[in-house]
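Novice: Taking the hints into account, I'd like the entire structure generated from these sequences.
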Amino acid sequence: MAKESFDKEIQFLRMLVLTSGAYNRQQFAKRLGISVNTFDKTLRRLKDIVHATYQQLPEEQGKEFAEAIRYRYDDSADPMLLFLFRAKSLKESESRRLSLVLAALNGRSMTASELLDCCMADLPADLSLPDEKTIRKDLKYLEEVGVIQKENGARPFKYRIRNELIHELTDEELLDLYDFVDVMANTQIPSVQGYLLRDGLKKHLVRGGAEKEAVEPFLYKYHYHSRILDEAHLFTILNAILGRRKMKFLYFSPKSDKSYASQNTNPLFERESNGKLETTLPLKVVYDHQYGRWYVLGHGREGIRKYRMEGMTQVETGEPVAQAWFEEKQAELMDRIRYSWLIDTGRPVTVRARFFSPGGSEPDFIKERVLLQGQWGEIVEESENSFIYEITVNGTQEIKPWLRSFGSSCEVQEPVQLRRELIAEWKEIRAYYESV
Amino acid sequence: MNPFEKIFNYQIISRLDDAGAFMATAHERAWLKTVLAHPAASQAFTAGTLAKLESLLEPDEAIDAHPHLIEKARSREKQVYHPLLGRIRRLILNRHGIRLSYSVRGDRIFSDQLGVPYKLEYSMVKREWYLLWHRVRHHTLMKTKLDKILFITGADISHERVDRMLERTRLTLESRKTEVLIEIIPLYNRELSRILYAFSCFEKEVAYDADRKLYTVKVCLPGEEIEYLLSKLRFLGKRVRVLEGDYVKKRMVEASTKALERYGVLEANEEV
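Going down the list, the sequences are from chains X and L.
At position 293 of the first sequence (counting the first as 1) the number is 292 in numbering that gives the first Met the number 0, and the numbers step up by one without a gap.
At position 267 of the second sequence (counting the first as 1) the number is 266 in numbering that gives the first Met the number 0, and the numbers step up by one without a gap.
To be clear, the hints were calculated from the coordinates, so they are not data collected in a lab.
C-beta: ideal position from N, C-alpha, C; glycine also.
One should not assume that every hint holds.
Some chain X residues near chain L, calculated using beta-carbon distances under 7 Å [what the hints assert, rightly or not]:
1) 52
2) 84
3) 98
4) 146
5) 165
6) 183
7) 192
8) 199
9) 338
10) 428
11) 431
Computed far set for chain X versus chain L, every beta-carbon distance over 12 Å [unchecked claim]:
12) 133
13) 153
14) 195
15) 245
16) 302
17) 320
18) 389
Specialist: Okay, here's the thing in C-alpha cells:
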C-alpha cells in the first residue's frame, strides 16, 4: 500500500482554521484544487474522526464542522487539531486486535500464544480471526513504537506494556507530570508528541475520577493553534537535515490562490496542478513566533531557498550529499541569517528608534516589551521619558510591523527610508478613519 | 518519527480508553525526556520525582530537534513554570476557596483576601503566569501575577458556594465579550494567508464577499484584551481597517494622529 499522505487533510484543516467558514463548498474546493465531491468526502472523514475522538461533540445539534473545531480561549490548552494525528486509517480488524492485545497486556505480561488465545476468545465472530504469525507481526510493531517490550531473555518471550509512567508514580506525582506535560506542550516546540502524551494522561486522570473541567486549570493566551499542523512534516524534514539528504516536494506558494491539488489518481478529478516541483537540500527549519508559521531554509541551484512549510506537499527524501559540502552550506546559511528578524537574507542595516515611556505612575510596559521581544537589539541611550533602541537587521521589511505595533510610542529615526515609509503608512491609516 | 503512526489511530485510542488501559509510545517518552532537560523541570517536580522520571526514561532516546530548529521573533522566555502552579492547581482541582495576599503596582498590599480560583493563565506574549480568581468581596474578577502573590492558602468555602461563584464567573466572562469587525483591504488579498495567520490566535469568524472579493474578520474577545488586538491591528498597519467597534476605531485614529505628531508631520492640534 502506498504511504498514506495527509497533505489533503492538512491543507483542508488549515484553510478551515484560517478562514473559518468564509467559503462555501464550491469556493473552498476550488481554492484547494479539489473537486466538490472530494471536498465532501474529506469533510465526512474528518467529521467521523472528530466525533470518535471527542465524543462530547454534539453532531446531532447540526453544528458546522468549522464551528466545532474553532479555537476558543477557554479551551486553549486542548488542541482540537490534534485529531489530525489520529487520522491514520486502519482496518477494523487490525484496530480491534491491537487494542485487544494492549488491553490484555495492561493486566499482566503475556506470551504471543497467550495473546492469540485472548484474541480468539474476545474478537467478535464476524471479524476474521488472526493466526499466530499475525499476532507476532503486531507484537513486533508495538515493540518498534515502544508501547511494549520483551520481559525476559528466554523463549517463549513474555511481553509487557510500557506504562511505567503511571505505575511507578504516585497520584500526586502523576498530577505534577500531567501539569508539566501540559505546560511544556503548550509553550515549547515541537509539541505534537507532548499533546499526545497529555491526552493519554488526561484520559487516565479522568478514569481515576477527576472531573474533566477540573483537570484542566491552564489557559494559554495568545496561541497560534494551527502551528501543530505543520509538525506533520517537521520530523521528515529534520531527519533529512540530520541525514544531509535532499528533498523533493510539490510546492504551493502561499501567495497563489490554490493551496493543494489532488494527486490525480482518479482521472475524473484530474486538474491542472499549479504547484511547482522543487528539489532542495534542507539546512534549517525556522519557526516564526510572530505569526506562528514554519519555514524550511535550504540550498538549491539558485543558492539559498526559503519555503513556507505549509506550502510543501508530497515530501520525499532523496540522496545524501557529502558532509563537508553540507556543512559549508549550512555555515553559509547561518552567516546569512544571523541578522534576520525572521528569515530575510537581505543587506544588513542598522535601525535606530526612539521609544517613549507611558509616563505617570504606570510601570514602563513599553520598555518591558522591547526588552522581551526586541531580539538582539540593544538600548543604547536612556532618558527619563524615552530610550533609544538599536538593532542591525537584514532589511527592514520584517521588523517594520513590530515597530509599527507600538503605535505612537515608537519613532523610527534611521534609516531615513524606513522613517518615510512609516510616516506614509500612518497617514494612510489615519485616512481610513477620517470620517470617525 | 512519524506523527501518523497507526498506534495513534483514533479507534485504537478510544478502545483503549474503554478498556481502561494507558500506553505511551517511544515518541511521547522521547519528547518527555527532551523537555525534562529544560530548567522548568526542576520547578515542576521535587528532586525525588525528577530523578525517578529520569531513571524511568533512561532507556529512551531524546528528540534531537533543536540544533536544526531555529526560533525567531520569540519573546525572551523569562518564566515557563512557577513554583505556585502545583499548589494552586490542586486548589482548583478540589474546588477550594482561597485566602491570599498580593501586592499591586507600587507597594500597595492587599492581604487576606477571600476568593475562588478558576484558572491559571500563561501569557505567550509576556511569558508569565497569572491567577484568575473571583474575589468574594464586591464579586470582582481578578487577574493576579503569580509573582505578586505573597501568600496563598486554601479557605473554607463550601463546594456549593464555590460552584455558585464559578457559575457567576462564567456568566460575567461571557457578558464581557465584545466584537470587533475588521476589513482586509482587498489590495492586500495576496497577503491573505499572512493576515489570517495574525488573527488566528483570536476567536474569530471570517466572511468572504465573492463579488467584491472582500474579506472581513469578526474578532470576539474579552474587553480587557482590546489592547492586544490593537497592537495586532497596528502590526498589520494599512492592510486592515476596523469597520465596527467604536472604541477600537477611536484608538486607531489616536495612534495614527499621535504617531504623525511624533514624526513632526502633523500639528498637535490639527483636527481629525
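Novice: Next step is simple, just say for each hint if it's right about the structure.
Specialist: Cross-check of the supplied hints:
1. 52: Holds, because the Cβ-Cβ distance from residue 52 of chain X to chain L comes to roughly 5 Å (cut-off 7 Å).
2. 84: 5 Å, holds
3. 98: It holds, given that the least Cβ distance between residue 98 of chain X and chain L is near 4 Å, below 7 Å.
4. 146: 5 Å, holds
5. 165: For residue 165 of chain X, the interface hint holds, since the closest Cβ of chain L sits about 5 Å away, which is under 7 Å.
6. 183: 4 Å, holds
7. 192: Where the cut-off is 7 Å and the nearest Cβ of chain L is about 4 Å from residue 192 of chain X, the hint holds.
8. 199: Constraint on residue 199 of chain X satisfied, holds at 6 Å.
9. 338: The hint is violated - residue 338 of chain X has no Cβ within 7 Å of chain L, the shortest such distance being about 11 Å.
10. 428: Result: holds, 5 Å to nearest chain L Cβ.
11. 431: 5 Å, holds
12. 133: Per Cβ check, residue 133 of chain X is outside 12 Å of chain L; nearest 14 Å; holds.
13. 153: 20 Å, holds
14. 195: 6 Å, violated
15. 245: 15 Å, holds
16. 302: 19 Å, holds
17. 320: About 15 Å separates residue 320 of chain X from the closest Cβ of chain L, which puts it past 12 Å; holds.
18. 389: Consistent with the label, residue 389 of chain X stays out of reach of chain L, its closest Cβ about 17 Å off (over 12 Å).
Going down the numbered hints, you'll see the structure goes against 9, 14, while the others check out.
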